[in-house]
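Protein chains: 2
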Amino acid sequence: MAATKSLPHGNAVVGQSGGPTVVINQSLAGVVETLRGQAGIVKILGCLHGVSGIVKDRYLELQDVPQDRLERVAQTPSSALGSSRDKPDAAYCQRIFESFNKQNVRYFFYIGGNDSSDTCRIVNDLAQQAGYELRCFHVPKTIDNDLLHNDHTPGYASAARFVAQAIMGDNLDNRALPGVKIDIVMGRHAGFLTAASVLARQHEGDGPHLIYVPEVAFSVDRFLADVDAAYKKHGRCLIAVSEGIHDESGKPIAAKLAEQSGLPVERDAHGNVSLCGSGVLGDFLSDLIKKKLSIKRVRADTFGYLQRSFAGVVSPTDAREARTAGRKAAKLALAGKHDGSVAIVRTSTDPYRVQFKRIELSDVAGKTRTLDPQHILGTSDIADSFRAYLQPLVGKLPVVESLS
Amino acid sequence: MAATKSLPHGNAVVGQSGGPTVVINQSLAGVVETLRGQAGIVKILGCLHGVSGIVKDRYLELQDVPQDRLERVAQTPSSALGSSRDKPDAAYCQRIFESFNKQNVRYFFYIGGNDSSDTCRIVNDLAQQAGYELRCFHVPKTIDNDLLHNDHTPGYASAARFVAQAIMGDNLDNRALPGVKIDIVMGRHAGFLTAASVLARQHEGDGPHLIYVPEVAFSVDRFLADVDAAYKKHGRCLIAVSEGIHDESGKPIAAKLAEQSGLPVERDAHGNVSLCGSGVLGDFLSDLIKKKLSIKRVRADTFGYLQRSFAGVVSPTDAREARTAGRKAAKLALAGKHDGSVAIVRTSTDPYRVQFKRIELSDVAGKTRTLDPQHILGTSDIADSFRAYLQPLVGKLPVVESLS
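Here the protein sequences come in this chain order: C and U. In short: position in the first sequence from 1, add 2, done, that's our numbering. In short: position in the second sequence from 1, add 2, done, that's our numbering.
Treat each hint with caution, since some may be false.
As the list claims (entries may be wrong) - Simulated pairs of lysine-lysine, DSS-like, Cα-Cα distance not exceeding 27 Å:
1. U:398 with C:398
2. U:298 with U:235
3. C:398 with C:369
4. C:258 with U:293
To be verified - Coverage of chain C stretches by chain U, computed from C-beta distances (three or more under 8 Å per stretch; other residues unrestricted):
5. 66-80
6. 160-170
7. 173-179
8. 282-288
9. 311-318
10. 399-405
It is worth saying that the hints were derived from the structure and are not from the lab. Ideal placement from N, C-alpha and C gives every residue a C-beta, glycine not left out.
With the sequences and hints as input, model every part of the structure.
Okay, structure coming up:
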């Protein structure tokens, strides 16, 4: 879309969508503080629970929220406006326009991941078809780190920090009381979060000793051979496994297990199978090792929702960048851009530097980025190149010192 | 035992036992820094993996570890010397004396919980019966907070902080995407850690909306009625459940489920059933709600080993007190005391003040303290009196602010 100097007069709507993160409110604060006081924009309306709040006319006026309160909201985990997993079709979008029209909304900012950018794209396309004047921007957010054209996405670095701190501690726990320990990490199609476990390796022999990401088809036989070898070598074995691991046919192991056990397999409006909120995958792998390898002490933890919501574990870089992403989207709209998404592009790793640039909504909408094959070592490890990529995002980790 | 002015000349052994905590190395550092340089004590030997290291003559010399390194070890989660769940009998203790005799050990410090204090008591009794001169001290440590005669125990406050921060975030996640969320918290017989979830309640309507501790017999029917009522009232429901909940007969629900599913039920040398490292209890309760209450979005997370090992979530009060407990045990030995355990006694809550005093080994050995009934509200809630007790231990929690 070409830039235009004449900005529409009206109100702005900002919403949050998809899985929350601990820095998603930084992006909300970035949008609000940049828009308010700007000529032509009267109200800044937060839609409650994403698009589902728009079609129900559920808005919160944000233009007068004092800056110190907005700052505290920015530091609070999870979506302050509530979230939604609705996927609007044409009829749904018609109801969005009706609400926007009633509220004289001319600016729409939607903070979310690839499904949310797709929602944003559909709303934008239908607005144009309907001749409804609307500035439509997507603000990136996802702990999965799977948006195309982004070096990384707001929310990922803090979740990666959680995983790194968890596995650092668990490695020491597993060293104190040796056995096999399995940690199940979030990530449906992309292994970025599971790969973050490499940061826990601080000294020789540290775990995770094995890492399984969804980019590599999972084989039960190979897994057992890997565990057997690592346990013999280290006298213990710490394993990071993505919840999204799947067999050769692409079917998630967790979904297969759920089906076998007679549990219902849930899907959201975007067709995604719910893999989280259950210990089934960890328990399956744990039982497998006990039975086939006759190792007595085998435990599994599923990190679950803590990875995206844990209060107090935040990457400072992530918080700052999430804020900047929100501000950038608002600035693009104020600069006369019609639509787009914001992408984080890395220009240097040492020193760490990034730029925020506008990309097309269609560049990210509904698309999934996965781990670069160069970061994957064989079928059960992650390369040092990934650590170099990740370290500046996550920041300084806690002290770990040994006596031996 | 009466105090004596003449201290035995010889070496000291310090060990760590039972489940690790994030501050157990503070106690280790406290023992080492207090003993070293003292007349008559030549070597300070860390036994690797508790008593199991003693009988294998596996020691690490600690007297020359530089203070700055010891400081970094103190800040590192989990037992730096390794841990053990062995429970020594008379024959085992005979081997301990043989090793002590060979190493000329005259001081023994064992950092652990109620099972570990029992180990300490048995070693001490047998040493006396054998006429082996030994100073024998237990240093308290347990995230379960279940030692008698202690206001609280080192390790608990940091684990409580983890639970509070986890549930604070999860409450906001559950508010953003409403449904029923179950969080399974550690604690075999005592509900202290599960009760720490009350700190997550910062504003009206915040979860946890229901809290189940092992001090109250668990009824499936009452649970379903509770969840149904809370869900109707709040439009969502966040539930904290102790892994140790049991039926009217005292049988743990998790152990019953494991038996029913054909899984092996593990017990350690102290007869404790392993309830951790599996998602079976959370998954059972989650399925129950889906089937009986027809609520669609139901999730369960089991916090697992992260509660005792997570790197970087530490209560400053806990770290300081764990250090002091180690120092106190060493000081008691140097002051001529023969044996004992260290207890933390609170003298004031506002301002928060504690004292460290010597108690008999038999006061804590193998005994379990549970939640004071005054802190339990009905069958599914915790009283404000518990929050007042807990707040000064846990310290300042992260900021949580809402827009509405």
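Hint check against the structure, violated hint numbers in rising order: Hint 3 is the one this structure does not satisfy, whereas the remaining hints hold.
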